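Peer 1: The chain contents come next:
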Amino acid sequence: MTKSKNLLFLVLEKHLIWALLVLLFIAGLAVPGFLSVRNILNVMWAAAPLGCMVLGLFFVVLTANVDLSLESTFALAPTLAIVACFQLLPLQDLSFIAVIATLLVGAVLGLANGLFSVKLRVSSFLVTLGTLLLMRGIVVYLIPEGVYYLPEGYVYLGSAKLFGILPVAVLVWIAVFILGWLLVDYHRLGKDILALGNNEEAAFIAGVSIDRTKILCFVIAGALAALGGLLEVGRLQSVVADMGQGDILMVFAGTILGGTALTGGKGNVGGVFAAVLVIAIIENLMNLFGVPPSIRQVVFGAVLLVAIYLASLQENLRHARMEG
Amino acid sequence: MTLDPSISFAAEAVSRRFPGVLAVKSVDLAVRKGEIHGLIGKNGAGKSVLVSMVAGLLPPSQGEIVTARGALTPHQSSPVRAKGLGIALVTQEPAFAADLSVADNLFMGCHPTRSLRFVAPGETRRRANALVEHLGLRARPEDRMGDLPLETQQLLAFGRAVFIDAATTILLDEITASLTNERKESLLRLLRTLIGERPDLSFTLISHHVSEVMGFTDRVSVMRDGNRVATLDTAATTAAELADWIVGDVERTEINYTTRPDDTAVPVLSVRGLKAERSLSHLDLDLRRGEVVGFSGLEGSGKDAAIEALYGLVPNHDGKTLMDGVAVKLDSPKAAQRAGISFLPKHREAQAVIQNRSVLDNAVIAGLPVLTTRLGFVKRRECERVALSIVTRLRVKTPGLHVPIDGLSGGNKQKVMLGRLSLTAPRLVLLNEPTRGVDISAKPDILKMIREDLSRAAAVIMISESEEELVEICDRILVFYKGRVVRELIRGRPGFDVETVYKTIQGVELPA
Chain A
710 MTKSKNLLFL
720 VLEKHLIWAL
730 LVLLFIAGLA
740 VPGFLSVRNI
750 LNVMWAAAPL
760 GCMVLGLFFV
770 VLTANVDLSL
780 ESTFALAPTL
790 AIVACFQLLP
800 LQDLSFIAVI
810 ATLLVGAVLG
820 LANGLFSVKL
830 RVSSFLVTLG
840 TLLLMRGIVV
850 YLIPEGVYYL
860 PEGYVYLGSA
870 KLFGILPVAV
880 LVWIAVFILG
890 WLLVDYHRLG
900 KDILALGNNE
910 EAAFIAGVSI
920 DRTKILCFVI
930 AGALAALGGL
940 LEVGRLQSVV
950 ADMGQGDILM
960 VFAGTILGGT
970 ALTGGKGNVG
980 GVFAAVLVIA
990 IIENLMNLFG
1000 VPPSIRQVVF
1010 GAVLLVAIYL
1020 ASLQENLRHA
1030 RMEG
Chain B
3 MTLDPSISFA
13 AEAVSRRFPG
23 VLAVKSVDLA
33 VRKGEIHGLI
43 GKNGAGKSVL
53 VSMVAGLLPP
63 SQGEIVTARG
73 ALTPHQSSPV
83 RAKGLGIALV
93 TQEPAFAADL
103 SVADNLFMGC
113 HPTRSLRFVA
123 PGETRRRANA
133 LVEHLGLRAR
143 PEDRMGDLPL
153 ETQQLLAFGR
163 AVFIDAATTI
173 LLDEITASLT
183 NERKESLLRL
193 LRTLIGERPD
203 LSFTLISHHV
213 SEVMGFTDRV
223 SVMRDGNRVA
233 TLDTAATTAA
243 ELADWIVGDV
253 ERTEINYTTR
263 PDDTAVPVLS
273 VRGLKAERSL
283 SHLDLDLRRG
293 EVVGFSGLEG
303 SGKDAAIEAL
313 YGLVPNHDGK
323 TLMDGVAVKL
333 DSPKAAQRAG
343 ISFLPKHREA
353 QAVIQNRSVL
363 DNAVIAGLPV
373 LTTRLGFVKR
383 RECERVALSI
393 VTRLRVKTPG
403 LHVPIDGLSG
413 GNKQKVMLGR
423 LSLTAPRLVL
433 LNEPTRGVDI
443 SAKPDILKMI
453 REDLSRAAAV
463 IMISESEEEL
473 VEICDRILVF
483 YKGRVVRELI
493 RGRPGFDVET
503 VYKTIQGVEL
513 PA
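If you're matching them up, the sequences are chains A and B in order.
Basically our numbering = 1-based index in the first sequence + 709.
Basically our numbering = 1-based index in the second sequence + 2.
What the hints contain is simulated information worked out from the structure, not anything from laboratory work.
A hint or two may mislead.
Have a look at the derived ranges for each label pair, beta carbon to beta carbon [stated by the list, open to error]: (1) B:Ala337 <-> A:Leu1014: 35 to 45 Å; (2) B:Gln64 <-> A:Ile883: 51 to 61 Å; (3) B:Thr115 <-> A:Ile874: 33 to 43 Å; (4) A:Ser1003 <-> B:Arg116: 51 to 61 Å; (5) B:Ala237 <-> A:Ser1021: 57 to 67 Å; (6) A:Ile735 <-> B:Gly275: 54 to 64 Å; (7) B:Glu384 <-> A:Val831: 51 to 61 Å; (8) A:Ser1003 <-> B:Asn318: 52 to 62 Å; (9) B:Asp288 <-> A:Leu1014: 18 to 28 Å.
Since this is a predicted model, take the numbers as computed values, not measurements.
All residues carry an ideal CB built from backbone N, CA and C; glycine is no exception.
Isolated chain B, as found in the complex:
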């Protein structure tokens, strides 16, 4: 196979299949030497999976990644091989050993050695120092990596890829997310300088942010639903045009509304001036029974902090919270539960599912306070009845109540998690990405259940990375940007559509 010498790397008909999902669908992509190439798309569009394949972290199911020095194929792919081809990936959370020194991390796996493989500390130090200076960082080679700010760690990871691995194909996965604006600008300027010095370098910049891609890339490729839908010359493109490519045509299925917010009653939840740590600076909110309110925003926009503060997971938050007109102090999950709040965490496997236990145990755990006798013994019959009703009502596909939950699919597990939320008859239900990691076939059931079941007796707040979902089932959508709600979109009024939500979360100014 011959490769055009001006190409840094090329993905050729690359696909990646996961159980039940085709995450990347026969993608062709060529990044040229000397270019900064943007790769943009929504969450789940397949860009991270594509990048992982280029870096050798995941073998492609089909197709191959070709460089001048060789290829990564379905049968021959590993991080070490990718490194040998001159490919390096810098991720949002750098893969470092926190307890080791800066120098040991930079030279991990490639320490310069003398005879008998004894290392050369002098040389390590010198080169580490040179790297730190080149990047203008404040760190010493002997500093413990874990003690440095994340920003510094990230730039060190970048430095390792460029100066120590001497990679020529450098993939930057969302690394600008945790940088200050000033740093971001200087890093992006540095990319240009480096390309000036070494014209065979290429940078692939994976980003959510339309503005960054617009300002700093030569070309940009857009991923949507596992396909590369466009590659554009950045100079000839506008931000709005790019956003259109990212969102694409929207299809939606109508949901049957059986509940309507009751506008006359006292709000279930009133929040005034809620403030949580650094990420949420201000939130006012009134929520009525029967209402589903969506929180939308980028990572770090304050939407997660808001929902976590309401469930008492952020102990030091300021502001007034009233439930049914009564002031409550939500400083712990226990307090939140007592106030009648239920919570579905974002990371299902780590934070919600009890592994190795049966479907039954998982279904009833939240309801145990009402499912036990006065002496604390569990009412078995009652539990079975409750679990069975969850399984049948939500159409959970399981061979039985007494099988371990581990064997169920993500979507069916999530149905059990959602079903158990209502056991304690909550007044307010908080859902953090209820459709995360759920197969497509289960999504409609889950959305229907949120809209038609949960909101019947309670008010619902829901975070979702999918603007389509929010538009489909919410009565209102609050858009968070930099710690505040910048826009409230109401069903039936102008602007209640995917495009507006997507543009507003990016901070794009739109006429109200």
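If we strip away everything but chain A, and leave its shape as in the complex, we get:
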């Protein structure tokens, strides 16, 4: 009896978000059209760009910082790469250069955020609030009308499907999560990040390079946001000036829902992965249910609130187990 109870606690405590995911999935079974390979893959396809941003924010939040500007990086990185490679330079046939340029631009934008906030000791909230507006402004200035004709090579990662059914974007998304998981759980970088996020002084005394590790997290976040932008541009086969605008709230929702503590030092990649799926499935179910667009946000907000409350129970469960 106590053994099975302990097991239940353990599942809920460590993997509550997965339990939530299963619950949603079961609810979905009752909805016609939910359970088909095509629909599930489409859900994941739509979730991939968000997923990349969430993973990026996850790294930054682990260091007890935030990066609000990720949604702008999401748009600015592809925009700069497209303008530079296709409008200023004739590189249409070498679009892999533009793909690499996108990721590099994202990393550099992240580096700028990181240097500004870590080296100059300005709160990352304020720095990235500024760059959020600044970077969006540049996008609107550069491509007020959007860009609708993009070389096939550039949109490949976001739009192509293997065997006519499996979107490459989903594979990319899963690949970066596996990489992220390895980095956090099995790499010195992850150990350093968790240590400094949890107790910066202890980490400093133990010899962890605090500033460099924090800045590196901003760089990773920038590159991942750029990758997300690349996937989104491919999926939509175009880039528009307001791409990703307002998404940062959803990115935060995913990060927190995944069990990441805003105070830093606590979180796991698996949880964040599941959280992105939870968000995507909620959205999908609303589509299938035909929830009218006018109240969709109300429903979404309410569901999210419940989900975040449930996820917050995790800490209480842990205490309950420690005491009982």
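Given the coordinates of chain A, work out where chain B should sit on it, guided by the hints.
Peer 2: Chain B in isolation, oriented as in the chain A frame:
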């Protein structure tokens, strides 16, 4: 610079200055390899500051710390550098990340890695397990550090220093304070065993407790007022002799008594059988108006628990409390205030001062209930008058009432905190270390104010780490040891002196 090869580390003319204070004054200290060296002194004697400099946490203002592998100088000093010199500090509260596993904490900053800096979990586990076993602890490498008892955490921190950092100069800062006696003995025995195995090790044991230092060290150095006043061979020293070195010669300035306890009236406060959590097992106390009573004792002796229980900060306390002969239930700060009790917390900056607000706002906050109109609007004029009277009466050095309090010195902030206590005309005032973090120049003003102002209309209970202060202004001193009052010292009777207080708080048996 050449260093005698038998020396583990040497402090050479090391000084450390803080704004307004010279905390460590040109100290020379050499600890030998293979020795357990005690470092003892009262709070504020400078021993923790000295140790922080040796561990690279604070750069010295002058002088340097020399080891065989290099030195820490005013310009070159960091925890990482100290670690490189083989120095490790184990503190009372270990610097661990509570949410991480035992293994991740042990190997923080030095995880064994394979190619591409991927970590080697197998090796980490194995070495963590070996360490836990060596220390005889009950913990697994994957346990969350924050879930383990403090005692275990502390021993793990010790293990990290010895086995993982492989340090040769190990500083133990009061780590025995939270250990059970049994653990303490076994840890101190372990130190001997380790030295037997690795003769180049040295341990520096920082402690308040004369008995520990006597039992387990080879030599002991005494710090007083930022100076090293003596280094003694432990075997050739007695506990009483050591205590004399620690206390030193006492000077005192006479305080002008204007109030005398009124012995005939009903006690302001009567306490019978007060019991609070684990740290206070029993307290009886009668307190009269005009009386200043000092609580003295070591950390965890029950003095803090007693004062906190009286202010309702310990919700689950037992015992009877009467204010002016009427039974009261002190289960929350609000209830305590209603009963006429004012409280000065120990941590001024964190618990009392409202940062970024003006001197005026800070001065009147406790009095707002009487300084507002019936609709809750603040009477500005009245507030200014009250604040001004505090500032002038207590000689607070401030450029004005409307400047942020942050710019004031510790002593002047504390004067404001003390001044506001009397706004609500309390019957009982509880002071937890009123002179903590106060510059020397402000201390006499504060003591005078407690003796001559606060005690005029109320009874005062005061905790202080400084026995001199208690002897200077108290009518009675209650000495706490292990959760009880073991001795009551009364002004004018034999034993009302610094030496007796100091020895009694250590648990040294003295003839009454």
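Peer 1: With reference to the structure, classify each hint as holding or not holding.
Peer 2: Evaluated hints:
Taken as a hint, the range 35 to 45 Å holds for the pair Ala337 (chain B) and Leu1014 (chain A), whose Cβ atoms sit roughly 37 Å apart. Range check, Gln64 (chain B) to Ile883 (chain A): Cβ separation about 59 Å, and the 51 to 61 Å hint holds. The supplied range of 33 to 43 Å is met by Thr115 (chain B) and Ile874 (chain A), whose beta-carbon atoms lie about 41 Å from each other. Remark: the range hint 51 to 61 Å for Ser1003 (chain A) to Arg116 (chain B) is upheld by a beta-carbon distance near 56 Å.
The beta-carbon spacing between Ala237 (chain B) and Ser1021 (chain A), approximately 59 Å, falls within the hinted interval of 57 to 67 Å. The supplied range of 54 to 64 Å is met by Ile735 (chain A) and Gly275 (chain B), whose beta-carbon atoms lie about 59 Å from each other. Checked against the given bound of 51 to 61 Å, the beta carbons of Glu384 (chain B) and Val831 (chain A), roughly 41 Å apart, lie outside it. The beta-carbon spacing between Ser1003 (chain A) and Asn318 (chain B), approximately 54 Å, falls within the hinted interval of 52 to 62 Å.
Remark: the range hint 18 to 28 Å for Asp288 (chain B) to Leu1014 (chain A) is contradicted by a beta-carbon distance near 56 Å.
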